[in-house]
Amino acid sequence: MPHLFSADRRQFLMTSAGMAGLAVAASLLPAGLARAAGLTVGFIYVGPKDDYGYNQAHAEGAKAVKQIAGVTVIEEELVPETVDVQKTMESMINFDGATLLFPTSFGYFDPHILTVAPKYPEIRFEHCGGLWSEGMPANTGSYFGYIGMGQYLNGIAAGHATKTKKIGFVAAKPIPQVLLNINSFLLGARSVDPEITCQVIFTGEWSLAVKEAEATNALADQGCDVVTCHVDGPKVVMETGAGRGMYLCGYHANQSPLAPDMYLTGAEWNWAQVYTDMVNTTIAGGTIPNFVRGGLAEGFVKMSPLGPAVSDAARNQFEATQAEILKGGYAVIKGPLKDNKGNVIAAGGEAYAEDDVKLESMDYLVEGVVGSTS
Amino acid sequence: MSTETTGLVLAAPSRAWVETVARRSEGVALPLGALLIGFLAFSVFLAVLGKSPVAFFGYVYQAGFGTEFSWSNTLSRAAPLLLAALCVALPARLGLVVIGGEGAIVLGGVAAGALAMSLPGLPGPIGILMMGLGAMIAGGAWIGAIGAMRYYRGVNETISSLLMAYIAIALMNHLVEGPFRDPASLNKPSTAPLPDAYRIGELPFIDVHWGLAAGILACVLCWVLIERTTWGFAARIVGGNVRAAEVQGLPTGVLMVGFTALGGACAGLAGMFEVAAIHGSANASLAAGYGYTAILIAFLARHNALAVIPVAVLFAGLEASSGLIQRRMELPDATIAVLEGLVFVAILLSETLTGRMRLFQPELWRRTS
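So the protein sequences, as listed, match chains F and Y.
Just so we're aligned: 177 in the numbering used here is position 177 of the first sequence, and the numbers increase by one with no gaps anywhere.
Position in the second sequence counted from 1, then plus 374, gives you the numbering used here.
Be aware that one or more of the hints could be misleading.
[As the list claims (entries may be wrong)] Below, simulated DSBU-like cross-link-like pairs (lysine-lysine); rule was C-alpha separation at most 30 angstroms, straight line: (1) F:K49 x F:K163; (2) Y:K562 x F:K358; (3) F:K119 x Y:K562; (4) F:K211 x F:K166; (5) F:K163 x F:K119; (6) F:K166 x F:K338; (7) F:K165 x Y:K425; (8) F:K49 x Y:K562; (9) Y:K425 x F:K358; (10) F:K63 x F:K334; (11) F:K63 x Y:K425; (12) F:K66 x F:K302; (13) F:K211 x F:K302; (14) F:K63 x F:K235; (15) Y:K562 x F:K338; (16) Y:K562 x F:K341; (17) F:K49 x F:K66; (18) Y:K562 x F:K63; (19) F:K165 x F:K338; (20) F:K49 x F:K211; (21) Y:K562 x F:K211; (22) F:K302 x Y:K562; (23) Y:K562 x F:K235; (24) F:K334 x Y:K425.
[What the hints assert, rightly or not] Covered stretches of chain Y (in silico footprint by chain F; criterion: 3 or more residues with CB under 8 angstroms from a CB of chain F, positions within the stretch not fixed): (25) 430-444; (26) 546-552; (27) 560-566; (28) 639-653; (29) 659-665.
[As the list claims (entries may be wrong)] Residues of chain F placed beyond 12 angstroms of chain Y at every Cβ, according to the derived structure: (30) A69; (31) P80; (32) G129; (33) A347.
These aren't lab readings, by the way, just hints derived from the structure by calculation.
Owing to the predicted nature of the structure, the values given are computational and were not obtained by experimental measurement.
Ideal placement from N, C-alpha and C gives every residue a C-beta, glycine not left out.
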């Protein structure tokens, strides 16, 4: 009998373990595979969504989308630009039923979105970076904003604030988007005082806190008393700069909470409006255009509120210029203009408006910028 | 009851068999036990955070292994990890702790991208072969140099491999932003896009590129090399005791440089597959951290090339599920890294138990009879 009993007990244990397992699986599945009745929108970020920078700007946009009735927002941060993002997109589609995706990092588009999109023709892929062109999958789209204008306005605030006539720029890589920002920043400052120079330091990486701090300190050591940047997370530059007594011009998102007294203004993305519009278009059954761009006038870009250190003269010029830009078609790069090696970029009378495609292959630093693209 | 049990154990032919099993199972039971302890410690961590460990492992199963898509997700991530883990596992058999495989991956990728640019117009398979060879030479030379510095100059290979990984990444950035840059790649500096003929496609039946097959094949070949050839035997002797190996007249230097270079060649090949199967050109995205995850995998596999396969799949499954966990449980992305870290610590601790647990000593089983 003991033999029989032990067999029974074993059987009992196995059966109950199996049932417990099934119960666990059953309790997980409905939650796992449940799909929201309305629209599910997925946001994918390359860095942390509270980085005071590029990713936070997009996450703020996602937050605005959450307010729309019937919309479920799912988010994933720190997704590298590898097969990782391809699978994250597919995972959002397969497990969460997402039908509209915003993979926000520049490097997500080619080849990752272009690889995944043809497999899911019913799903809409909207990418930040402005890379879409004719012949690419119809269910993909690209949007971007003319944030160089924001750096021009930053430059005006900086030009009034600087006493040493030297302003600084911490930049990631010498690519066209970054070069346009640097040049715009200096030209904004030179619209106040043509004597001003801008020292630029490239860190070589989009996110490399140690080098960003070193670069900011180096700029302070060289006498720069205003600093701005174009890296993914401006937090380190802002905090280091404030610690060295430099005035700050923000980028990507509003960094004034980091140093309210030293923060002059900042060039911010306004993705909340862009994303709300796109999601509303989708809900209404419309189609988002494949190629969308805009600047301050279209509400793609906005400026941080002016800080307490901004003088009245600065405020007047800032607001007057902002009003000009809001009319659209403003040109920052206009002749006569030379690069910092002496080559002529624009002859007198020549001007490149904010939406000029020639600006997208910029490979020079204008006269007055101290630094080199290579 | 007692007679029944004794009768079973005493069955004459099974005794030697039990001893062998006891001795052999140590290598499996210890890492497996460490893995479970790591999972257990992580469950406590989750419980402290107020999250359900059951739900966590449920999502890991669902997103890593539960559906066909989950498998394609897991295996796509496993592909580079298999090759990268060999860059740790092979030198480890000679007693070298090489942790800078990341450097070989990125340089392998750059070499492949550069070769594709300079050799356009070859038939596809030959072009791919050339890219693979170039990547293996680049990765092999990089890690082989670490083995050479260790043998000839006494430079600590752990430190030098890690530091050289940073140099490799800087070199990659310089090359793809400078000499090898495709002028058309404006805002993401890259080498020129690979011609279509040089792209590596997907395996039949599953949505995973050929790098997976190459990785599994490489693991099997390396296992044969280490366990079944005189070269591998000599390498294991060097790993056991360098001086003894030299007294025996084994070419220690050749073995050290050769096996580190082979490990580096595997990692370089991983870089080539990233370029030819995923990215389509070489750029900064190559530095994705595969070389670092591979360290954990090789240690958990106890540097056995065959064991690398299931362990890499397990870790790839964990990483594949990290997104779903982030979205469903509102846990940060670092959660999986915490789990991997706990497992790694448990593995390192379990190493001290090797040879100390009586359960695995053949003598125990001899005596109890």
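The hints, checked one at a time:
| no. | hint | result |
| --- | --- | --- |
| 1 | F:K49 x F:K163 | violated, 35 angstroms |
| 2 | Y:K562 x F:K358 | holds, 17 angstroms |
| 3 | F:K119 x Y:K562 | holds, 25 angstroms |
| 4 | F:K211 x F:K166 | holds, 21 angstroms |
| 5 | F:K163 x F:K119 | violated, 57 angstroms |
| 6 | F:K166 x F:K338 | holds, 19 angstroms |
| 7 | F:K165 x Y:K425 | violated, 55 angstroms |
| 8 | F:K49 x Y:K562 | holds, 22 angstroms |
| 9 | Y:K425 x F:K358 | violated, 53 angstroms |
| 10 | F:K63 x F:K334 | violated, 38 angstroms |
| 11 | F:K63 x Y:K425 | holds, 24 angstroms |
| 12 | F:K66 x F:K302 | holds, 21 angstroms |
| 13 | F:K211 x F:K302 | holds, 28 angstroms |
| 14 | F:K63 x F:K235 | holds, 21 angstroms |
| 15 | Y:K562 x F:K338 | holds, 26 angstroms |
| 16 | Y:K562 x F:K341 | holds, 24 angstroms |
| 17 | F:K49 x F:K66 | holds, 15 angstroms |
| 18 | Y:K562 x F:K63 | holds, 28 angstroms |
| 19 | F:K165 x F:K338 | holds, 20 angstroms |
| 20 | F:K49 x F:K211 | holds, 21 angstroms |
| 21 | Y:K562 x F:K211 | holds, 20 angstroms |
| 22 | F:K302 x Y:K562 | holds, 25 angstroms |
| 23 | Y:K562 x F:K235 | holds, 23 angstroms |
| 24 | F:K334 x Y:K425 | violated, 58 angstroms |
| 25 | 430-444 | holds (count 6) |
| 26 | 546-552 | holds (count 3) |
| 27 | 560-566 | holds (count 4) |
| 28 | 639-653 | holds (count 3) |
| 29 | 659-665 | holds (count 3) |
| 30 | A69 | holds, 21 angstroms |
| 31 | P80 | violated, 5 angstroms |
| 32 | G129 | violated, 7 angstroms |
| 33 | A347 | holds, 24 angstroms |
Comparing the model with each numbered hint stated earlier shows that hints 1, 5, 7, 9, 10, 24, 31, 32 do not hold.
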